[in-house]
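Asker: Each chain, letter by letter, is given below.
2 protein chains.
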Amino acid sequence: MTPATPSSSSTGLIALDWGTTSLRAYRFNADGRVADKRALPWGIMNLPPAEEGTDAAADTPDAGFRRALQAACGDWLRDFPITPLIAAGMVGSKQGWREAPYLDVPLAVSEVGNTMTVVDTGFGVPLHIVPGLLQRSALPNVMRGEETQVAGILDQLQVDDLLIGLPGTHSKWVHVRGKRIEHFDTFMTGEMYAVLSNHTILGRTMQRAAADTTDAEDNAAFARGALVAKSADGRAGMLSNIFSSRTLGLTGELSPRAQAHYLSGLLIGHEIAALLATTDGIRQQRIALIGDDALCERYRQALALYDLTNIEIAAAATEHGLWKLAAHAGLVSPSPRTSRK
Amino acid sequence: MTPATPSSSSTGLIALDWGTTSLRAYRFNADGRVADKRALPWGIMNLPPAEEGTDAAADTPDAGFRRALQAACGDWLRDFPITPLIAAGMVGSKQGWREAPYLDVPLAVSEVGNTMTVVDTGFGVPLHIVPGLLQRSALPNVMRGEETQVAGILDQLQVDDLLIGLPGTHSKWVHVRGKRIEHFDTFMTGEMYAVLSNHTILGRTMQRAAADTTDAEDNAAFARGALVAKSADGRAGMLSNIFSSRTLGLTGELSPRAQAHYLSGLLIGHEIAALLATTDGIRQQRIALIGDDALCERYRQALALYDLTNIEIAAAATEHGLWKLAAHAGLVSPSPRTSRK
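Protein chains in written order, with the working numbering: chain U, 1 to 341; chain F, 1001 to 1341.
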């Protein structure tokens, strides 16, 4: 008797969102729907260790990436042996499995999928790594992973022109015109908040709370901070403004918990003020946000304080983009599913 | 025979510059000249531990401050028993020996010495703690210690109007008109540089070098960074601009060592650009800098890039100010020495 295995015809793509600290794996049906998904902690800076007794000298970086791949989807690779395999994110950086050279911006979104870097995985199928993007301006900018989310959201929303905000550790704002990525900026807002609250004097009087359990006082403190950048005091700049998170505590105006929300608002407000100062016609612009739900809500709240209200929050952009880029690369056949939301 | 002890008539003041991480002690002659000085690591967050075998419950905070005072100048207090004792800095904060309430800005510099907080030291003489200053603006500002340096420099330079820059962990810019402190700002520039280079992705590709051993390439990188805030790219703000410290490394334009100097310049440039944006008539303003020599040189270099060249660097402002405030407080008699440089 033949063991009952899933039919390989049902699976069209195995795709990885492989970042610095996490690895997400998706198994798509041939029609582009996600059949299964997993999240693991095996980011490129945190690969699974070799088994005890392994000769350390023989444990190459390659072997670490293979162990992570095995852990994430070894069973899928075995059960669906001819399925194409794609990955986006920091796995294509210099510190990743193989460096996938940057493509220069501006470029058409459809071009991103045309230049994959191929790695022999040892599992019978090669891994196709999505390139990052490089903008060679006076102050250059880079992204890895967000290009895939951009491809996903454009396809989902069926639009050609969009300003896409990807808030997070390093927020990206991506300007798309006629399905071309024209320009993008990076703001180190999330990482800035983390180091200010964990490693500076501001953290000493502050009590951090999760953004998804906020109450009215938290929201008021967030809004107060978000408005600083557009006030007269905002002209003193972020290096000066952030100190008020401490001094408003000293004068009894902000509780320890409110200070955390105020500082978060203050940084996001400066990000939005800078976006306004550098973006022509932003008030006529349709804007989409992709990212953590609670954080996107915060950004929506702050954008409204700057009279930007034409905002939508997009979901599942990463997996949608991985499928879309695989289609651009000819790894899967485009299906009607990919052009519907 | 009487042992040969120093004549107590020769000493006029024992003064402490007592901060968070360090304690500096000065012994002044009756004419206001520094006869002896010492630097110890016993800042208020780092007091000397009790001797082994001491009952921990009996070790009050007071006892820790007394041990630090004993270590810094127990011999002076013994040899010159009726000498007044003064301290400025974080020793007067809530976490210090005794909280010395803030005085409100604006105020005359001479008023600072009129409201000392007195602590029983247990050494026979009380300690007079200089108050900090509080500016109750929409975004409040505070200082502790810098008010003493301001008093010192005004007296040294014999001026009534001055913009005083005190670069450091938290840079202060103090506007003095008619010997009154009218306004001041705080920029967290030094602490920002420390956390960005020690705790963010920017530090990973960076090699930090001491500011006092710079070469021509270092200086060029510093200047390049300092100019960003006044360039068109500066409109994207600091949260965006700092990312270029990494990307200019990725594109091969900045070496690891140059990245450190570039980031330092970038932050200081944003501080100066904000100062220009918020200070009327700054180009006609006489400016003095007080602080670490190498850092003041960096600021002078950056200020020149913003066409601010009417700069002088002041020395020994702290000890001069401690003497001056003691004179304002009636603890010592003003002497001709205090009105000469």
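Incorrect hints may appear among the rest.
[Unchecked claim] Ranges between beta-carbon positions, derived for each pair:
| # | chain 1 | residue 1 | chain 2 | residue 2 | range |
| --- | --- | --- | --- | --- | --- |
| 1 | U | Thr213 | F | Asp1280 | 42 to 52 Å |
| 2 | U | Glu297 | F | Glu1051 | 50 to 60 Å |
| 3 | F | Pro1256 | U | Ala277 | 23 to 33 Å |
| 4 | U | Ala39 | F | Ala1316 | 57 to 67 Å |
| 5 | U | Asp293 | F | Arg1136 | 37 to 47 Å |
These are computed hints drawn from the structure, not numbers from a lab.
Quick reminder that beta carbons are idealized off the backbone N, C-alpha and C, glycines included.
Asker: Take the hints in turn and mark each one as holding or not.
Answerer: These are the hints, each one checked on the structure:
| no. | hint | verdict |
| --- | --- | --- |
| 1 | U:Thr213 with F:Asp1280: 42 to 52 Å | holds, 45 Å |
| 2 | U:Glu297 with F:Glu1051: 50 to 60 Å | holds, 56 Å |
| 3 | F:Pro1256 with U:Ala277: 23 to 33 Å | holds, 31 Å |
| 4 | U:Ala39 with F:Ala1316: 57 to 67 Å | holds, 60 Å |
| 5 | U:Asp293 with F:Arg1136: 37 to 47 Å | holds, 39 Å |
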